[in-house]
Amino acid sequence: MKRRQFNKLVTGLAAGVCLSALSTLSAQAADPLKVGFVYVGPIGDHGWSYQHDQGRKSVEAEFGDKVQTTYVENVAEGADAQRVIYNLAKTGHNLIFTTSFGFMNPTLKVAKQFPNVVFEHATGYKMAKNLGTYISKTFEGRYVAGYVASQVTRSNKIGYIASFPIPEVIRDINAVQLALNKYNPAAELKVIWVNSWFDPGKEADAANAMMDQGVDVILQHTDSPAAMQAAERRGIYAVGQASDMSSFGPNAHLLSVVDEWGPHYIRTVKAVMDGTWEAKANVEGMKEGSIVIPGFNESIPADVVAHAKELIAGIKDGSVYPFAGPIKNQAGELVVAEGERLNYEDLEKMNWYVEGITSEIPK
Amino acid sequence: MIKLEPRGERSATMAYLSPVLAALLTMLTGLLLFTLLNVDPVEALITILYVPISDTHGIAELCVKTAPILLCAIGLSVVFKAKIWNIGAEGQLLMGGLFGSYIALQLIEAEGFWVLPIVLIAGILGGMFWAGIAAILKVRFHTNEILTTIMMNYIALNILLWAVHGPLKDPEGFNFPESALFGDSALLPVLIEGTRVHFGMALALLAVVAVWVLMSRSFYGFQIKVMGMDAGAARLSGFKEKRLTYFALLLSGGLAGLAGVGEVTGPIGQLIPQISPGYGYAAIIVAFLGRLHPLGILLASLLMALLYMGGEMAQISLGLPLALTGLFQGMLLFYLLACDVLISFRIRLNPRKVKTSAPLTPLASETRG
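Top line first, the protein sequences correspond to chains W and G. So the first sequence is numbered by the working numbering: it starts at 1 and just counts up by one. So the second sequence is numbered by the working numbering: it starts at 1 and just counts up by one.
Source of the hints: derived by calculation from the structure; they are not laboratory data. Glycine is no exception: its CB is placed at the ideal position from the N, C-alpha and C atoms. Where hints are given, some of them may not hold.
These stretches of chain G come out as covered by chain W in the derived footprint (C-beta under 8 Å, 3 or more residues) [unchecked claim]: (1) 161-174; (2) 179-188; (3) 274-280.
Derived BS3-like pairs: lysine-lysine, alpha-carbon spacing no greater than 25 Å straight-line [claimed, not checked]: (4) W:Lys126 x G:Lys169; (5) W:Lys363 x W:Lys349; (6) G:Lys169 x W:Lys202; (7) G:Lys169 x W:Lys349; (8) G:Lys169 x W:Lys109; (9) G:Lys169 x W:Lys363; (10) W:Lys202 x W:Lys363; (11) G:Lys83 x G:Lys169.
Looking at chain G on its own, in the form it has when it is part of the complex:
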């Protein structure tokens, strides 16, 4: 007989320690797993966690992989604080990539410093537009944003596919589904010569700082947090709930849009059907792994990006299967949730009789089982 009993008070220290603990437990399980797979466990962990970032090129690649996840996750932290569950970062990212690509293709011959900002703004607006629809539906029609944002992910993907197979297809590309390569003026500048790390990472870091200031230093951020903790209290204090909802959703949509346009104008350089291997969904994990705190999200997105790259390296150097990456991400989340449960609850074996002094109904005994 095991019973979970709420602890009186959540330990603040443990709340911050639990991601670290989860990471450690993941490593330990990983060691066990590699031993079972007959792979030298230490070598495997080094291959997955260190080799991908052991030189400048690797660190640059880590930034390339982190930037879109970080941008989506930092935006999500704002909506999630307001207890608005935007699951649509993926769709908002795709729309950002699509809007940005459209403008970049219109300006393909154009040269000058002004091209890139216009393309980036178009991408941000694309993401905001997509999140804005969900915001209107939520505020005006009280639809559940979890459903609308998820469904709009699929709509966005299909609009993108239509565009890249149709109007935005490279006229000289033999009908292959990809756009022409963008002009140089529409490409994000590379930060380190010879690598792919681009200005998008700088924008992502800027977004982290901006969101940090917004949420911890501004009255707007305070209102968002209050609204998330107690919507009734926020209303009583005269906070404008609708305006805050629009603000939070548009902000997260805009940042996801920036992530999308950053991919097409950064490492990819053209519009293709696969802009994102699910960054918008990974960002949800990252946002919670990072405790919705800007610094935590920065660390969590770096870890997530590293796990992806480590999974590739494990295939290349050790011949380990790809499923391992998924397993690692899954374990990390599992341990985090497990740690969280144990922070809020304590496990009781053989619950004291006092607690169940009332005569047991069959139903009650089942729920205890």
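Chain W on its own, in the form it takes in the complex:
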């Protein structure tokens, strides 16, 4: 082949590629919607990323060949994240979910470069015209767990393994304390900060330290089943987090507060297909099916289970709200008056403990 011919061929090819790119844009409706997911952990973590991947699978099950999903796992929250998100957008993904807080600034940067792609970032607070956020109201499940814990504890000492002192974690601790204040004011909540979302070693250490202090129910806002396993060994109760952890401690497992991301993902995909998607902060809980308590330990007394189910029904229809007044802070000052509620805008920035918690928030 002569060089000129070759050049022609190359230009032709390039033009062809451009044309086909254009035609994919115009024929978007007929082609499957490409949905990308960026995970911070491996999908085998049986916690946070695993649950998001379950959500991705339910999108595939719901829409069949109308969607095509892609995921990239174990993406570091540093310089790599932006490239992964960029490459997903560049390879024709129309909707991209970034599922960890550390992806916030990279997602925002890529969203500005691809105004026609829809982005949704989990658990963050920055938005743009084509970037929305989503988070689950885990505090609803935590409140129910707090109630059950208050009823089954014998030592009146309840442990809480916390990750980082961000509002999401602080408000969940508060939700548990509010349940204790209401149903068993004698119970004491002990909080240990492990400064990690996923560190089985540290989580097990924290669980053992608390059990040594007489704690007989452990709650956690970290993702590994280590505390559940430790509780099983020592014959006490624990509450699962993010995924159903019953298999890790058949006797210890009181209940799990499970994040179901599927309903939100399905709604979002549908909105993007219908052209009705808009950037907003999606805060979803039990009512939307995003927070689920799949089952209760058989050893929990029947009346406790019955009331827990009433609480769940109440949260769904709005008659029960964990952050309804009166609520006092640690100093005993009334922050939310009787008849008032803390709405989500307040909870989003919550950086104070409610009355009854004896420790301080780490600074």
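Knowing the structure of chain W, use the given hints to seat chain G on it.
Just chain G now, kept in the frame of chain W:
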């Protein structure tokens, strides 16, 4: 019965060819692997090795990914030549990122050309400080630097985590563990408009040239090499072993520190808990893959960066698992070591009787097995 028998002389040509051979063998095994996974092997190799760098943006990203690995590895080549085993590039990188971020946050409102150099120097000093501790421990107390540098990696990581969860946390960031975004004056300038490739890559290339000159043209470099080959001879020639040890460790620490500050002031733009996904460790592989030679290290770090990016692309385009990237890196190292063994040794099946004329003790036969 297989026996490894030393060859009389190592072939110099083969020593340079073995990385190429290792790369080829990795490709061949890769082809086999993809076929077994029911993926079109040619398409898979193109996706992993070509698609990530098929346009300007991709090449820019390759540079972004290469810069920190290259800076760490080029520094390591100097210490490794001196047979000082600094495994702490990761910690030195993190300290560089931390020191640089501290200064950048103090100067967040400042504007002017002088901000960036101060931030970069702070990062270099951070890396040097961390390597300097290991150097003092080695020179004064004769501690094993492999142990101290590894352990100091964990200390550095925890200091960084403490800082980003504590004093350097963004006051307006709702307690999330990350610092405020740096001011524009503290950010490395972008080299190609619209991409992320930043001045850090230029600094890395500069470091490659500087180390090349140092090691092959300067008396200092000569002394370092002699010290590595025969410490006794170096001592007899009056080379100052302690001073050379300090020099080599501080140099590699400073370059790793520059890599760290380059990440926070380059593609990231703020201090976060995950500055490095293990660049300091990858750099050890790269340094040996590149035969401790500046040009070899440049090529090896580009290859390593490409493998990372190819692994991402394989997940995006082919739905292949992430474990594949690890497998590729592992194979590359395995084949390199295997080739190296075969350069220095030859395999003998059925070793001649002459060699074992002495009566066999059970122990000897076991070692042969």
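Verification of the hints:
1. With 4 residues carrying a beta carbon less than 8 Å from a beta carbon of chain W, the region 161-174 of chain G meets the three-residue requirement, and the given coverage holds.
2. Only residues whose C-beta sits within less than 8 Å of a C-beta in chain W count toward coverage, and the region 179-188 of chain G has 1 of them, not enough to reach three; the restraint is violated.
3. Beta-carbon proximity to chain W at under 8 Å applies to 4 residues in the region 274-280 of chain G; the threshold of 3 is reached and the given coverage holds.
4. About 17 Å separates the Cα atoms of lysine 126 (chain W) and lysine 169 (chain G), which keeps this hinted pair within 25 Å; it holds.
5. The straight-line distance between the Cα atoms of lysine 363 (chain W) and lysine 349 (chain W) is roughly 15 Å, inside the 25 Å bound, and the hint therefore holds.
6. Pair hint lysine 169 (chain G) plus lysine 202 (chain W) holds up; C-alpha atoms about 23 Å apart against a cutoff of 25 Å.
7. For the hint pairing lysine 169 (chain G) with lysine 349 (chain W), the CA-to-CA distance comes to about 16 Å; that is within 25 Å, so the pair holds.
8. Distance hint between lysine 169 (chain G) and lysine 109 (chain W) is fulfilled; the C-alpha atoms sit about 21 Å from each other, no more than 25 Å.
9. Distance restraint check for lysine 169 (chain G) and lysine 363 (chain W): the Cα-Cα separation of roughly 10 Å lies within the 25 Å cut-off, and the hinted pair is therefore satisfied.
10. Of the supplied pair hints, the one linking lysine 202 (chain W) and lysine 363 (chain W) holds, its CA atoms being roughly 20 Å apart against a limit of 25 Å.
11. Using a Cα cut-off of 25 Å, the hinted pair lysine 83 (chain G) and lysine 169 (chain G) is violated, with the two alpha carbons roughly 40 Å apart.
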